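Q: Chain residues, written in single-letter form:
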Amino acid sequence: MDYATLLQILDTTVRFATPLLLACLAGLFSERSGIFDIGLEGKMLMAGMASGAVAALSGSVWIGLLAGIGGSVLFSIVHGLASITFRGNQLISGVALNFVASGATVLVAQSLFHQGGRTPPLTGDARFNPVTLPFVDTLREVPLIGPFYAEVISGHSFLVYAAFVAVPLTWWALYRTRFGLRLRAVGENPESVDTAGVSVIRLRYTAVMITGILCGMAGAYMATGLQAGFGKEMTAGRGYIALAALIFAKWRPWYALMATLLFGFFQALALRPDVIEGTFGMAIPVPALDALPYILTVIVLAGFVGRAIPPRAGGQPYVKER
Amino acid sequence: MTLMKQFLGAAATLALFTGAAFADPALIYDLGGKFDKSFNEAAYTGAKKWVDETGGSYKELEMQSEAQREQALRRLAESGANPIVMTGFAFGDVLNTVAPDYPDTKFAIIDMVVDQPNVRSVVFTEEQGSFLVGMMAAQASKTGTVGFIGGMDIPLIRKFACGYVQGVKAVNPDAKVIQNMTGTTPSAWNDPVKGSELTKAQISQGADVIYAAAGGTGIGVLQTAADEGILSIGVDSNQNYLHPGKVLTSMLKRVDNAVYEAFKAGDTLETGIHVMDLKAEGVGYALDDDNAALITDEMKATVDAAAAKIIAGEITVHDYMSDNTCPVE
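Protein sequences appear in the order of chains H and W.
According to the numbering used here, the first sequence is numbered sequentially starting from 119.
According to the numbering used here, the second sequence is numbered sequentially starting from 47.
Note that these hints are calculated values from the structure, not bench results.
This one's a predicted model, so the numbers in the text were calculated from it and none came from an experiment.
Honestly, I wouldn't trust all of these hints.
[Claimed, not checked] These stretches of chain W come out as covered by chain H in the derived footprint (C-beta under 8 Å, 3 or more residues): (1) 82–92; (2) 164–174; (3) 251–260; (4) 263–271; (5) 351–358.
Glycine included, C-beta positions come from ideal geometry on N, C-alpha and C.
Model the full assembly from the supplied sequences, consistent with the hints where possible.
A: In structure tokens, the structure reads:
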């Protein structure tokens, strides 16, 4: 494997990892506050459809992004209502929302555009176009780092950089702010937060909203950044891979970055059977590489690589003592 | 009592009679969905053509999950629909068990052979159509490297790939064909993001014409090919219009004709294996205003000559599904 091929695979890795990373951070906020969310997939789908549709209608990808976030946040509110206000089962609410999203996105897109549940192909300003970072041309001549900067780091759409910036922001918010402390506490021991006079309900709603915003960005990236429009079931299970990454990352932001990049790398590698054969001297079946993220997650869950302990109050609706 | 019996009998006969007289045909779409701009949509086009011509009506159903197949078939058969047409190989096993239970209903299955007396099995010679677009690809390619992106890794898609490679090699024996499959689960038909990345990976390996036989995933392939300035080849329906001037051609699989013929035949549908080959205009390549500028007279002449030879039996295109191997890589 030569350097140019490696760069190309890393470039693909970044594109594959970005929706996973955004969804993983989204899940992190929700689960850290004690609300399990397996509806990441549905939120991404909803955001993809909303952003694709509105970008096509308005001709502006930014309005599309807002609409995508709006669609995703709407689902978050429903999830919040079901699992926070009405204290329903969080897993069931998440599964239900996934099913609703799968059907509703196609239905809405079909009735709007009559293109078989797709949104019309986007062109020009209705899509996120690649951003060329400064100094690409001057740095390109620098050995090793130059091509890496030009090929892998530069040339992605805005949302990719937003996703990577979201990692330190999440870390800072979670570990360096009062809000973060309370958020972590509410996921571990909501009674103590309540005793301190902080509203558990409001904290959890805030967390679920942030989840909606991040999932909205993930869906919008897929529909308007990676693709030129929404297509039926286009998330193809990435919401679930993001959940696996979240467990693999043990609910920590920097680990989430590593986990999603690793999973993205496996997916990118799976596209190049020729490279695998050339590097390892034997052919690894593509399905084996596709399954690797899940296998790794099971290994982590089984406790072979440290221990993955979910937030203690996760999955339990909070009931104030009467 | 006897009067009652007679009355009931008459009513039953009447019910049966009306049932037979108003037996609407039915069409079941596979998981790709009715408007996949490809395989299932072609079936819809055929049904629509029949409606426009006869003014009749038909029942239709879209599969949402694997588990629904048997129930859907039985429901339609019991409602009196005749004939029932279904798109997709995945119905094969289910139909094999359901068909004997409804001997008076005619079934037609596309892309699969089901050996039952009341079933018409429509098979297409995709290898011949793919052979032709392979020849196109090899002639349009400047780098001598072309690509193939399949959907789910099943023998049917390998049949497309094998015919394509044979066509490419027939024009340029030294050409390199990069082959990728999107996945091994049904979600491989609806993953345009992965389709895009596969396209980019193939471009980086030098491919400048890419043939997508991947359902909804193919939308991503065609999009990225257009964005990156290389040519793509569509499949099943004519997809040239998706990116005018960027899609070299489309391998046509006339599922619409198959559905139209079945609907037209009604309950007199002939059963058995029905082969839609190049000769029967079951497969072919698309030429319209959108790709006219891309296809030179020379290319067209070469491909048409090969098509004539295939029809005459002078060229035999190997069918992957006959022995599950492909003579060329």
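Q: Per the coverage rule (Cβ-Cβ under 8 Å, at least three residues), is the stretch 251–260 of chain W covered by chain H?
A: Our answer is that it is violated, as 1 residues pass the Cβ test (under 8 Å) against chain H, missing three.
Q: According to a criterion of three or more residues whose C-beta lies within less than 8 Å of a C-beta of chain H, is the stretch 263–271 of chain W covered?
A: Answer holds; 3 residues pass the 8 Å Cβ test.
Q: According to a criterion of three or more residues whose C-beta lies within less than 8 Å of a C-beta of chain H, is the stretch 164–174 of chain W covered?
A: Violated - the stretch 164–174 of chain W has 0 residues with a Cβ nearer than 8 Å to chain H, which falls short of three.
Q: State whether the coverage of the stretch 351–358 of chain W by chain H holds or is violated, taking the criterion as 3 or more residues with Cβ-Cβ distances under 8 Å.
A: With 0 residues close enough to chain H, the hint is violated.
Q: Residue count check for the stretch 82–92 of chain W against chain H: does it reach three with CB-CB under 8 Å?
A: holds (count 3)
In the structure shown, a violation is registered for the earlier hints numbered 2, 3 and 5, in ascending order.
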